[in-house]
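As they're listed, the protein sequences go chains A and B. For the first sequence, this note's numbering begins at 1 and goes up steadily by one. For the second sequence, this note's numbering begins at 278 and goes up steadily by one.
Read the hints as simulated data drawn from the structure, not as lab findings. Just so you know, not all the hints are guaranteed correct.
What the hints assert, rightly or not - Label-pair distances were calculated between CB atoms; the ranges are:
hint	chain 1	residue 1	chain 2	residue 2	range
1	B	439	A	165	41 to 49 angstroms
2	B	400	A	119	27 to 35 angstroms
3	A	115	B	400	40 to 48 angstroms
4	B	349	A	74	27 to 35 angstroms
5	B	280	A	172	42 to 50 angstroms
6	B	349	A	119	33 to 41 angstroms
7	B	439	A	115	46 to 54 angstroms
8	B	400	A	159	39 to 47 angstroms
9	B	436	A	164	38 to 46 angstroms
10	B	315	A	172	18 to 26 angstroms
Where a beta carbon is used, it is the ideal one built from N, C-alpha and C, also for glycine.
Number of protein chains: 2
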Amino acid sequence: MVTKKFYFQGEHGAFSEEAGLKFFGKKAFGIPVKDFEDVVISVLKERNAYGILPIENSTIGSIHSNYDLLLKFNVFIVGEVNLIVKQHLIASKKSKISGIKKIISHPAALQQCQNFIKKLKNVKIEISYDTAGSVKLIKENGLNDTAAISSEISAKIYGMKILKKNIQDTNTNITRFILISNKSVKPKKNTKTSIVFTLRNFPGALFRALSVFALRDIDLTKIESRPIPDKPFEYYFYLDFRGSIHDIKSINALNNLQEISTFLKILGSYEEDLNQK
Amino acid sequence: MVTKKFYFQGEHGAFSEEAGLKFFGKKAFGIPVKDFEDVVISVLKERNAYGILPIENSTIGSIHSNYDLLLKFNVFIVGEVNLIVKQHLIASKKSKISGIKKIISHPAALQQCQNFIKKLKNVKIEISYDTAGSVKLIKENGLNDTAAISSEISAKIYGMKILKKNIQDTNTNITRFILISNKSVKPKKNTKTSIVFTLRNFPGALFRALSVFALRDIDLTKIESRPIPDKPFEYYFYLDFRGSIHDIKSINALNNLQEISTFLKILGSYEEDLNQK
């Protein structure tokens with residue numbers, strides 16, 4: 001069997017890499033790239049390559065910029081992973097918590113640990129592009145007065161110490177990641193499909209759109225209206241439903257939706273991750 | 278006429294203060310407090326006091342933590358303001374762009390200017406709790422090698438220079454702010470109502486909920502499902518519709534929704550801001 005490889009944003013030890021390994025198993029390997037667009041472009045260039053993107057977080061909400069990438073490029077969602085995100089304060093083995101003068105991490109991680117950070121005095125907060133990358137930076141520069149906020153695995157990878165465990169504001173901080181590929185898949189069980197559409201704006205427009213699912217007893221797992229920049233009173237609707245574009249019921253619903261929508265893109269059908277919702 | 282006062286998070290010159298002044302007019306005055314919860318608590322303690330909170334941004338999406346405050350405390354939404362957010366690179370009058378070694382700002386502002394920041398070399402990025410507060414800090418400490426990302430008005434207030442205008446990634450970066458009070462209002466025109474509700478989870482549940490609006494030709498302006506932490510497969514639905522809790526049509530719709538929902542909170546009826554949507 002060919003070893004699976006997947007692209008992810010960040011450095012080794014990133015949550016995206018952890019999510020990819022959870023999906024494919026420990027034998028897969030992750031290739032770090034600089035940003036989310038690089039993940040998509042790398043996937044488009046290569047056969048049998050996968051990419052992993054965070055798409056929503058229970059604290060922060062939907063990551064619109066990654067939805068934008070799914071609209072812009074022709075990639076398919078082929079899987080999903082729900083990951084409980086636990087953040088830790090990590091520093092070199094010589095460091096003590098009382099000696100920490102600066103904390104660095106990705107803005108999302110800093111936002112998830114606001115309560116912890118607020119209580120600190122005389123500690124500077126600096127942002128970086130990556131949680132695990134912050135641990136790597138502290139290691140490479142031999143800094144003893146600086147700590148990173150990052151994953152347990154990143155502490156192990158770079159031989160660092162966890163000064164304080166679980167500093168995130170809530171213990172139910174879950175990020176939903178999606179796997180993307182340039183080839184769609186045909187999921188066998190727990191099927192789920194993600195779509196984006198737009199409608200003409202009139203009272204009851206969304207109700208009519210949802211009827212195509214309700215009349216066929218299709219269960220929705222996500223709905224969100226997002227105002228379209230530059231287009232007053234127009235919205236993208238993000239919708240996930242249980243079913244696959246290979247089922248006749250879902251095909252009929254989507255054909256029906258096509259009739260009444262002004263734009264419809266099917267992002268992919270894949271197996272739902274039923275763990276840790 | 279009594280001068281209106283409102284609480285906002287941050288320092289003078291913050292976007293929240295700008296939004297408050299846009300709503301009440303130049304003669305109102307804003308009182309800065311430390312965080313969003315302080316805004317709500319200040320409003321609860323005082324008669325005739327208002328507070329202002331950002332609730333969604335066109336780039337970042339809904340601000341769940343502020344929705345959580347609306348669920349936790351008994352305050353009412355009494356108005357809304359859409360503000361086009363323009364970010365500028367601001368430093369002391371002596372500074373030159375080539376001499377800037379560090380940039381400080383709020384994580385949301387840094388996120389909105391990612392493209393600009395990514396192109397910089399050898400510049401450190403540090404987070405603070407406030408955009409305008411970063412300008413104030415640079416001023417107070419007489420720093421010449423540090424710049425802030427903040428509003429035009431904050432540069433004026435603290436007598437600072439704009440090194441580069443409009444560094445935000447998109448020119449349609451709009452934040453929607455809400456005005457809160459401990460007394461509800463009865464809006465006269467362009468009425469809009471915000472609610473949060475939960476449903477039993479079965480196929481067609483949301484469709485049934487939306488029927489209470491569609492059957493009465495009530496227009497929706499926002500719908501979003503948010504997974505409830507700790508409760509698998511349960512969602513909060515955020516919904517805004519055109520109409521007021523003083524109209525018989527809206528009252529009927531909400532009574533109808535009450536019958537089929539497991540939880541319903543009316544956040545308030547207020548006048549819609551039709552500008553800059």
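A quick look at each hint next to the structure:
no., hint, in the structure
1, B/439 with A/165: 41 to 49 angstroms, "holds (43 angstroms)"
2, B/400 with A/119: 27 to 35 angstroms, "holds (29 angstroms)"
3, A/115 with B/400: 40 to 48 angstroms, "violated (29 angstroms)"
4, B/349 with A/74: 27 to 35 angstroms, "violated (43 angstroms)"
5, B/280 with A/172: 42 to 50 angstroms, "holds (44 angstroms)"
6, B/349 with A/119: 33 to 41 angstroms, "violated (21 angstroms)"
7, B/439 with A/115: 46 to 54 angstroms, "violated (34 angstroms)"
8, B/400 with A/159: 39 to 47 angstroms, "violated (29 angstroms)"
9, B/436 with A/164: 38 to 46 angstroms, "holds (41 angstroms)"
10, B/315 with A/172: 18 to 26 angstroms, "holds (25 angstroms)"
Of the numbered hints stated above, those contradicted by the structure are hints 3, 4, 6, 7, 8, listed in ascending order.
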